[in-house]
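Going down the list, the sequences are from chains A and B.
Under UniProt numbering, the first residue of the first sequence is numbered 1, with each subsequent residue one higher.
Under UniProt numbering, the first residue of the second sequence is numbered 1, with each subsequent residue one higher.
It is possible that some hints are incorrect.
[Claimed, not checked] Here chain B is said to cover these stretches of chain A; the calculated rule only asks that three of the stretch's residues, wherever they fall, bring their Cβ under 8 Å from a Cβ of chain B:
hint, stretch
1, 15–22
2, 42–49
3, 108–115
4, 126–137
5, 147–161
[What the hints assert, rightly or not] Some chain A residues close to chain B (C-beta under 7 Å, calculated; not the full set):
hint, residue
6, M1
7, L25
8, G72
[Stated by the list, open to error] Straight-line C-alpha distance at most 30 Å; calculated DSS-like pairs for lysine-lysine:
hint, chain 1, residue 1, chain 2, residue 2
9, B, K91, A, K46
10, A, K54, B, K48
11, A, K46, A, K70
Rather than coming from a laboratory, the hints here were simulated on the basis of the structure.
Note that CB positions come from ideal geometry on N, CA and C, so glycine has one too.
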Amino acid sequence: MSTTKASRIGEEIWKTRIDKVNAELVTLTYGTIVAQLCQDYDSDYKQVNQQLDKMGYNIGLRLIEDFLAKSGVGRCANFRDTADMIAKVGFKIFLNVAPTVTNWASDNNQFSLIFDENPLADFVELPDDGRAQDELWFSNILCGVLRGALEMVQMQIEAHFVSDVLRGDDTTEMRVSLVRYIEDEMPPEEE
Amino acid sequence: MAAPPRHSSMMATNAGAPQSGANDRQQVTQQSLTPQPTQGLRVPSNRKTIYDRHLNRSRNAESSRASFAYLFGEMVTYAQRRVTGIQDLEKRLNEQGYPLGLRLLDLLFYRSTSTSSSALSSSSTSSSPPNRPLRIITLLHLIHGPLWRLLFQRSADALEHSVSPDTPNEYMITDNDPLVNTYISVPREMSMLNCAAFVAGIIEGVCDGCGFEAKVSAHNQPTEMWPSRTVFLVRFGDSVMEREKVLERNGVK
Chain A
1 MSTTKASRIG EEIWKTRIDK VNAELVTLTY GTIVAQLCQD YDSDYKQVNQ
51 QLDKMGYNIG LRLIEDFLAK SGVGRCANFR DTADMIAKVG FKIFLNVAPT
101 VTNWASDNNQ FSLIFDENPL ADFVELPDDG RAQDELWFSN ILCGVLRGAL
151 EMVQMQIEAH FVSDVLRGDD TTEMRVSLVR YIEDEMPPEE E
Chain B
1 MAAPPRHSSM MATNAGAPQS GANDRQQVTQ QSLTPQPTQG LRVPSNRKTI
51 YDRHLNRSRN AESSRASFAY LFGEMVTYAQ RRVTGIQDLE KRLNEQGYPL
101 GLRLLDLLFY RSTSTSSSAL SSSSTSSSPP NRPLRIITLL HLIHGPLWRL
151 LFQRSADALE HSVSPDTPNE YMITDNDPLV NTYISVPREM SMLNCAAFVA
201 GIIEGVCDGC GFEAKVSAHN QPTEMWPSRT VFLVRFGDSV MEREKVLERN
251 GVK
């Protein structure tokens, strides 16, 4: 399936099958979650990153069901298809953005998502404490969502942010790597 | 005249030119950043910072209801692991909403000036918009209407004043079907819990930010037609009630 086709599917579902809310409500709710974690973990940003990833994982486990039901798409032929499906359909129908898929590794098992728009980070400025911009990945929940969702469709992946405009970088980029296809159906790990 | 000092200082930042609110903020940060380039936050070279975006950019942007439900659900689950009881949990959710209320207030006023100044303000004490509410009723209308529309794209369903003579400081805002509770299933043994405590916190933040000290709580008041009907009980502090009397006597609206 081509990228354009995936984009069309995403647009179509977004327009016709998605219940909407004000984007700012989502942005602000996410903001309070991160702020609360920073407070609870005493600005130990490594732990905040971890906790966000965990929350995302929990969401991903449930979100995939929703994704499959709303999109009605079948199995992806390869990891390149998966990438387009995540970027152009998944992100589109849940966050109304469509990051760019790029920087493929030569073995086709690793790619980057570049976010021109990141609704989670609207209105956000990281704390000016000399550490947050080096340690906190504000939108880290998204990595967990991908990990959880793909695990439910037999793909073990690893995802992490490599840059973020909130840190002063010029782009917001997430790196996604396929670790392996899970052969046997195992019950999901509890977290 | 009777507005708390907080008002005037906040008004001052906005009073300049209604359409240049965002520019003002930008200048403020540039001033604070440029003298010491080695300190402060790093910014992207393409200047994709919050100061370079128009505050109304996301005003009509949409996201999926599912995303909100997932995030809010995770937030409640996470909070639940760190508390000992229902009251504690509601308190925590309330505290998470509170800072949001403080900030939303500024956003509401900023937007009310950049569009129609008559949408919000019925107070006539100041010539330059935005007008912050001075009286309780104006404040409650702001919450019932513009705040609810910003958050949930519709007004709240009812606004009432306590009929009991013992509690003239109590007001009720009703939402027949709060969005925040749509995807939350509460276990039977916790039937008292109302996760709209988060919204109660937002309301409390708005009230406090306006200089109306208040405590706000969310209560289940189901009816046959609206099983998740929620009443937000707003209790204003004594100082607010006293001021209200003075304003009443002086004919301030």
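For each hint, the structure was consulted:
With a threshold of 8 Å between beta carbons, the proposed coverage of the stretch 15–22 of chain A by chain B holds, since 5 of its residues qualify and at least three are required. By the rule of at least three residues with a Cβ nearer than 8 Å to a Cβ of chain B, the coverage given for the stretch 42–49 of chain A is violated, with 0 such residues. Counting residues of the stretch 108–115 of chain A whose CB lies closer than 8 Å to any CB of chain B gives 0, which falls below the minimum of 3, so the coverage claim is violated. A stretch counts as covered by a chain when three or more of its residues have a beta carbon under 8 Å from one of that chain; for the stretch 126–137 of chain A and chain B the count is 3, and the coverage holds.
Counting residues of the stretch 147–161 of chain A whose CB lies closer than 8 Å to any CB of chain B gives 0, so the stated coverage by that chain is violated, three being the minimum. Violation of the interface hint for M1 (chain A) is found here, the shortest Cβ-Cβ separation to chain B being roughly 22 Å, above the 7 Å cut-off. Interface hint status for L25 (chain A): upheld, as the beta-carbon distance to the closest one in chain B is roughly 5 Å, under 7 Å. A least Cβ separation of about 16 Å between G72 (chain A) and chain B goes past the 7 Å threshold, and the interface hint is therefore violated.
Between K91 (chain B) and K46 (chain A), the direct Cα distance comes to roughly 27 Å. Compliance with the 30 Å bound is thereby established for this hinted pair. Restraint check for K54 (chain A) and K48 (chain B): the C-alpha separation of about 28 Å stays at or below 30 Å, so the hint holds. For a cut-off of 30 Å, the pair hint linking K46 (chain A) to K70 (chain A) is broken: about 35 Å separates their Cα positions.
Taken one by one, the earlier hints fail for this structure at numbers 2, 3, 5, 6, 8, 11, listed in ascending order.
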